[in-house]
Amino acid sequence: MTHHTDTRRPSRHLFYASPGRFSSTLLLSTFFLGACDATSRPGDTLGLQTSARWEWHARLVVERDPTLTLVRLRIDTTQGGGDVGLARYDFNPSAAEGDEYELALGLDFGRVRDLRQDVPYTLGPPPAARIPAYATVTCFCRPLRPDSVRGTFRVATRGLRQITGRVDATLYFTEWNDPARHVTYSLHQRIDLVK
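All residue numbers for the sequence shown refer to the working numbering, where the first residue is 1470 and numbers rise by one.
Hint data in this document are derived by calculation from the structure and do not stem from the laboratory. C-beta: ideal position from N, C-alpha, C; glycine also. One thing to keep in mind: the hints can contain errors.
Stated by the list, open to error - The calculated SDA-like cross-link candidates involving lysine to any residue, where the alpha carbons are at most 20 Å apart (straight line), are: (1) K1664 x G1628; (2) K1664 x L1529; (3) K1664 x A1597; (4) K1664 x V1581; (5) K1664 x T1519; (6) K1664 x W1525.
What the hints assert, rightly or not - Quick list of simulated restraints, FRET-style, between CB atoms: (7) T1626 x A1597: 24 to 30 Å; (8) R1582 x R1611: 40 to 46 Å; (9) G1551 x N1646: 31 to 37 Å.
With the sequences and hints as input, model every part of the structure.
Printed below as a string of C-alpha cells:
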C-alpha cells in the first residue's frame, strides 16, 4: 500500500496571524482610520471648541457697544431667517499665564441644504461672500472691534442635527482707541455645530 503525503501548503485558519497579514492589516487600518477625519490637518490651530450652536430659521445679530468697547455676537430665533451657526474656541486655556483668548465665529449659511460636501465656500462680509461671517475676540489685551473674516468653509458631513466642517480663515480686528493698529487671528480647524 502506497502512502501519499500532501505536499501542498497546509490549510490555515482564516484569521491566522502571519507577519505578512499583520503588516498589510496595519497599513490598511492606518490608511482608513487616517482618512476618516478630513477636517483635521497638520498645522491646524489648537483651539478648544467650547460652544457649538446651529439654528434653523434664525439670524446672526452683531451688536456693537462703543461705550463699553465690546461687541456681542448672538443668534436671534424670533425674527426668522435662514440657517446660522455660532461657535466659540478657547486658545491657551491654562491657568495664570495671561495669554488666553477666545474667538467666537458666526456663520450665516442661508440654506445649509444648498451647500455641497467638500466644496470651499468663501467666508467674508456680505454680499461678496457665499457665507457671511462675523467674529469677536475676548482677550487680556487692548479692546478690539471686528473688521472682517476672510477665508473658506467646507462641509464634511451634515445630518439632521449636526454640521461638521472645516474653517480656514483669518479674523481681522482693529483697536477701539487706535484705528491705525490692526490685529489678526488665524482659525484653521474643525468646526462642529449642533442643533
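Now the hints, each set against the structure:
1. Distance hint between K1664 and G1628 is fulfilled; the C-alpha atoms sit about 10 Å from each other, no more than 20 Å.
2. Proximity of K1664 to L1529 is assessed by CA-CA distance (about 15 Å); at most 20 Å being required, the pair is judged to hold.
3. Distance check on the hinted pair: K1664 and A1597 sit about 27 Å apart at the alpha-carbon level, beyond 20 Å; violated.
4. The suggested pairing of K1664 with V1581 holds, with an alpha-carbon distance near 13 Å, which does not exceed 20 Å.
5. With a C-alpha separation of about 15 Å, the suggested pair K1664 and T1519 falls inside the 20 Å cut-off, and the hint holds.
6. For the hint pairing K1664 with W1525, the CA-to-CA distance comes to about 8 Å; that is within 20 Å, so the pair holds.
7. A C-beta distance of roughly 27 Å is found between T1626 and A1597, which places it inside the suggested range of 24 to 30 Å.
8. Between R1582 and R1611, the C-beta spacing of about 41 Å keeps the proposed range 40 to 46 Å intact.
9. The hinted window of 31 to 37 Å between G1551 and N1646 holds, with their beta carbons roughly 36 Å apart.
In this structure, the one hint that does not hold is number 3.
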